[in-house]
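J.: Sequence:
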Amino acid sequence: MRLLFFAGSAREGSHNKKLARLGQKIAKANGIEAIFADLADYEMPIYHGDLEEAEGVPERAQAFKALLGEYDGVMIVTPEYKSGIPSLLKNTLDWVSRVRTEPNVYRTRVFAISGTSPGYYGAMRSLLQLREVLAVGLGATVIPQQMALPGAMKAFAEDGSLVDDTRQKMFADVVEALAVAARKFAA
1 MRLLFFAGSA
11 REGSHNKKLA
21 RLGQKIAKAN
31 GIEAIFADLA
41 DYEMPIYHGD
51 LEEAEGVPER
61 AQAFKALLGE
71 YDGVMIVTPE
81 YKSGIPSLLK
91 NTLDWVSRVR
101 TEPNVYRTRV
111 FAISGTSPGY
121 YGAMRSLLQL
131 REVLAVGLGA
141 TVIPQQMALP
151 GAMKAFAEDG
161 SLVDDTRQKM
171 FADVVEALAV
181 AARKFAA
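Counting along the sequence shown from 1, when you hit position 133 you're at 133 in our numbering, and nothing is skipped either side.
Just so you know, these hints were derived from the structure itself, not from any lab. Among the clues, some could well be false.
As a list, the in silico BS3-like pairs of lysine-lysine whose alpha-carbon atoms are at most 30 Å apart [to be verified]:
#, residue 1, residue 2
1, Lys184, Lys82
2, Lys25, Lys169
3, Lys90, Lys184
4, Lys184, Lys25
5, Lys28, Lys169
Have a look at the derived ranges for each label pair, beta carbon to beta carbon [claimed, not checked]:
#, residue 1, residue 2, range
6, Val136, Asp159, 14 to 22 Å
7, Val180, Gly139, 16 to 24 Å
8, Ala157, Tyr120, 34 to 42 Å
9, Arg2, Gly139, 17 to 25 Å
Where a beta carbon is used, it is the ideal one built from N, C-alpha and C, also for glycine.
Model the full structure from these sequences, guided by the hints.
T.: As structure tokens, this is what we get:
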């Protein structure tokens, strides 16, 4: 069983990248094969139907779909931009959905979602939107466990773990729930 972690932000100092990397670290510490993928390595134009018709699906969208297809479970860690998911993440999900090769990675993988932001709600509003896009729009199985981490600016220790032990355990529980679900889903 293998897990993939990625953040809906390409920014170098992204707190959501830190949280996604922490998820990968937790998984590996529990003997699970896990990687972190950076959307900065999968640059795609903004989705436009005419562009798709003229040029086809971008190579980086095809590559990202192939990467998703290698893993049984996927955790998406998203920031919150103006109470919603960032355009980079939505654009990536949209382009991947346009790759017509089998398998349909949204319907054959299990997804977990989490997020962090500097504010009080800790990306909760973007998680609601992301869950809807994945489950309703793309037909994905999204586990109910998630984590919205507030106060991103002060949430991380120097080693990448969370300063608050309770929140560290909560996030580890989400990673574990993803691993359990992915194992069952793949069986």
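J.: Work down the list of hints and note, for each, if the structure agrees.
T.: Outcome of the hint check:
Proximity of Lys184 to Lys82 is assessed by CA-CA distance (about 36 Å); at most 30 Å being required, the pair is judged violated. This hinted pair checks out: Lys25 and Lys169 have alpha carbons roughly 13 Å apart, not beyond 30 Å. For the given pair, Lys90 sits about 28 Å from Lys184 by alpha-carbon distance, which is consistent with the 30 Å threshold. For the hint pairing Lys184 with Lys25, the CA-to-CA distance comes to about 22 Å; that is within 30 Å, so the pair holds.
Proximity of Lys28 to Lys169 is assessed by CA-CA distance (about 15 Å); at most 30 Å being required, the pair is judged to hold. A C-beta distance of roughly 38 Å is found between Val136 and Asp159, which places it outside the suggested range of 14 to 22 Å. Our hint of 16 to 24 Å for Val180 and Gly139 holds, since their Cβ atoms are close to 21 Å apart. As the Cβ distance of Ala157 to Tyr120 is approximately 21 Å, the hint placing it in 34 to 42 Å is violated.
The supplied range of 17 to 25 Å is met by Arg2 and Gly139, whose beta-carbon atoms lie about 21 Å from each other.
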